[in-house]
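Undergrad: Single-letter residue listing:
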Amino acid sequence: MNSGTTAPAMRGYLRKDGRKGIRNVVAVAYLVECAHHVSRLIVQKSGADDVHLIGFPGCYPNKYALEMMKRLCTHPNVGAVLLVSLGCESFNREELRRTVAASGRPVDLLVIQQAGGTTRTLNAGLERVARMRAELAKHQPVPMALNELVVGTVCGGSDGTSGITANPAVGRCFDWLIENDAACIFEETGELIGCERIMASRAITPELGVEIEACVEKAANYYRIMGYGSFAPGNAEGGLTTLEEKSMGAYSKSGSSPISGLIKPGDIPPRGGLYLLDVVPDGEPRFGFPNISDNAEIVELIACGSHLILFTTGRGSVVGSAISPVIKVCANPDTYDRMSDDMDVNAGRILRGAELDEVGREIFDLVQGIASGNLSKSEALGHQEFILTYKQFEPIGPACLPAA
Amino acid sequence: MSSQDNGTRLPPLLLLHPDDNIVVARRDIVAGERVELDGESFTIPAAVELGHKLARRPLEPDTRVLKYGAPIGSMKTRVERGEHVHLHNLKSDYIPSTTREWTEGQPEGLR
Chain U
1 MNSGTTAPAM RGYLRKDGRK GIRNVVAVAY LVECAHHVSR LIVQKSGADD VHLIGFPGCY
61 PNKYALEMMK RLCTHPNVGA VLLVSLGCES FNREELRRTV AASGRPVDLL VIQQAGGTTR
121 TLNAGLERVA RMRAELAKHQ PVPMALNELV VGTVCGGSDG TSGITANPAV GRCFDWLIEN
181 DAACIFEETG ELIGCERIMA SRAITPELGV EIEACVEKAA NYYRIMGYGS FAPGNAEGGL
241 TTLEEKSMGA YSKSGSSPIS GLIKPGDIPP RGGLYLLDVV PDGEPRFGFP NISDNAEIVE
301 LIACGSHLIL FTTGRGSVVG SAISPVIKVC ANPDTYDRMS DDMDVNAGRI LRGAELDEVG
361 REIFDLVQGI ASGNLSKSEA LGHQEFILTY KQFEPIGPAC LPAA
Chain X
1 MSSQDNGTRL PPLLLLHPDD NIVVARRDIV AGERVELDGE SFTIPAAVEL GHKLARRPLE
61 PDTRVLKYGA PIGSMKTRVE RGEHVHLHNL KSDYIPSTTR EWTEGQPEGL R
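For the record, the sequence lines run as chains U and X.
First residue of the first sequence: 1, per the numbering used here; consecutive thereafter.
First residue of the second sequence: 1, per the numbering used here; consecutive thereafter.
Mixed in with the good hints, there may be bad ones.
[Claimed, not checked] Cross-link-like lysine-lysine pairs, in silico, DSBU-like; alpha carbons within 30 Å at most:
| hint | chain 1 | residue 1 | chain 2 | residue 2 |
| --- | --- | --- | --- | --- |
| 1 | U | Lys63 | U | Lys377 |
| 2 | U | Lys218 | U | Lys70 |
| 3 | X | Lys91 | X | Lys76 |
| 4 | U | Lys218 | X | Lys76 |
| 5 | U | Lys218 | X | Lys91 |
| 6 | U | Lys377 | U | Lys45 |
Because the hints were derived from the structure by calculation, they are not lab data.
Could you build the full structure based on these sequences and the hints that come with them?
TA: Structure follows, in structure tokens:
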């Protein structure tokens with residue numbers, strides 16, 4: 001399917017690294033929980049929808065968190081960054097600031113202990129944000145093509161309808177995006193347990209297939225040690241019985257394209273194609289569950305460069321995200337009837353006779369509409385959830401990106 | 001078929017793959033409802049909600065349950081055709097499922 005006649009023209013903000021952003025956001029980033037409130041005040045009092053709050057709560061150093069914050073602060077949807085530090089935390093604020101500055105973005109750092117406390121930092125922050133927004137307002141968007149787009153997908157609140165309606169419909173959309181050379185990312189290897197062999201057979205090289213099977217085995221071991229699979233009570237109430245059943249449904253989000261690579265949080269797909277994101281930490285379980293909630297997965301998809309997120313839900317999630325718009329694809333027609341204000345797409349109508357391709361096409365067009373500047377439902381409702389916690393990863397091996 | 005008719009005229013049971021030994025409820029099904037499956041008509045013994053699974057044929061303990069043509073776990077007890085297949089009679093072959101009543105590693109009602 002070509003880029004279509006009904007979808008609006010996409011446009012983006014060109015960044016120094018050649019990538020384009022579909023939004024031009026000012027990110028206000030707290031570098032420890034102790035700076036969270038002041039940062040939140042800056043965002044709230046700025047009164048602007050395009051000022052987003054992100055941050056890392058921990059006081060102890062963590063390589064993953066630093067790399068994630070670098071990727072997020074230099075994400076193409078981000079135009080400028082204000083860093084807010086308490087002062088005594090161990091986050092490497094200077095390295096983060098240098099990285100953002102090197103990306104050509106306006107960046108500023110406020111240290112609360114040096115600025116003189118809450119009110120002085122707030123006032124300084126508001127003044128900096130206003131200046132950054134004035135600067136960003138001068139940016140003119142340029143035309144953007146599908147092959148410059150990175151789209152991530154996640155499911156949350158899955159039920160017995162997810163794998164029949166919303167997930168395969170997103171899969172169709174993914175197939176068409178990839179035909180147009182976009183990069184598409186699916187994830188949560190802990191929710192692909194049981195699909196490892198089928199998935200490995202779709203890898204573009206046998207060595208990548210081996211890596212995929214190994215990463216799902218890693219996920220199964222990790223979750224076994226944690227004592228819980230990635231399976232919530234709502235999944236069971238919605239008719240899902242086992243983790244592998246949930247996996248098979250989740251897997252259909254990936255569509256039918258060959259799998260071009262296995263990446264980890266912060267790795268940016270080198271070209272168009274389908275990529276699997278391994279979100280389960282390496283080594284012995286150390287900091288807790290791989291992803292404590294859906295937004296932790298969304299943040300990792302965004303750190304891999306996702307411009308927007310296709311979020312499928314059966315039970316009915318309402319979340320959005322900072323930085324990248326979230327499109328809600330509702331799997332369950334009864335949930336849609338109850339929560340339609342939060343849902344962009346009613347994929348549950350497939351159960352009432354609509355064609356899968358018709359819904360897939362609607363999602364495909366919607367992706368281009370959101371990338372042309374239209375707001376998604378969660379975006380318009382002000383959802384800008386964000387969560388980042390401790391993790392550890394080893395770099396991906398040479399077999400993981402065969403075409404690179 | 002219009003997509004606006006709530007699907008009430010569509011068959012209530014959905015077979016996702018020819019190899020499957022379960023079917024999925026396309027909408028809420030009430031106890032005693034007459035349904036057609038594989039060319040035969042029979043009565044659903046107990047209510048089943050949208051998205052839940054029912055046995056396509058009698059299933060013995062340890063039978064691999066197939067959905068989308070893929071294994072999704074094994075039966076713990078025997079069920080008859082049309083019976084609800086869920087946590088009480090189907091278990092994961094990987095990691096046990098969690099419910100809100102989860103204690104000491106087993107869902108209540110399964111202990």
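Undergrad: Would you check the hint for lysine 218 of chain U and lysine 91 of chain X, treating anything up to 30 Å between C-alpha atoms as holding?
TA: holds (22 Å)
Undergrad: Verify the proposed pairing of lysine 377 of chain U with lysine 45 of chain U, using a straight-line Cα cut of 30 Å.
TA: holds (23 Å)
Undergrad: Holds or violated: are the alpha carbons of lysine 218 of chain U and lysine 76 of chain X at most 30 Å from each other?
TA: holds (27 Å)
Undergrad: Quick one, are lysine 63 of chain U and lysine 377 of chain U close enough, alpha carbons at most 30 Å?
TA: Distance ~34 Å between lysine 63 of chain U and lysine 377 of chain U Cα, so the pair is violated.
Undergrad: Hint check: lysine 218 of chain U vs lysine 70 of chain U, CA-CA at most 30 Å. Holds or violated?
TA: holds (26 Å)
Undergrad: So if I understand the rule, the pair passes when the alpha-carbon distance is 30 Å or less; does lysine 91 of chain X with lysine 76 of chain X pass?
TA: Holds - the C-alpha atoms of lysine 76 of chain X and lysine 91 of chain X are around 7 Å apart, at most 30 Å.
Hint compliance for this structure: hint 1 is the single one not met.
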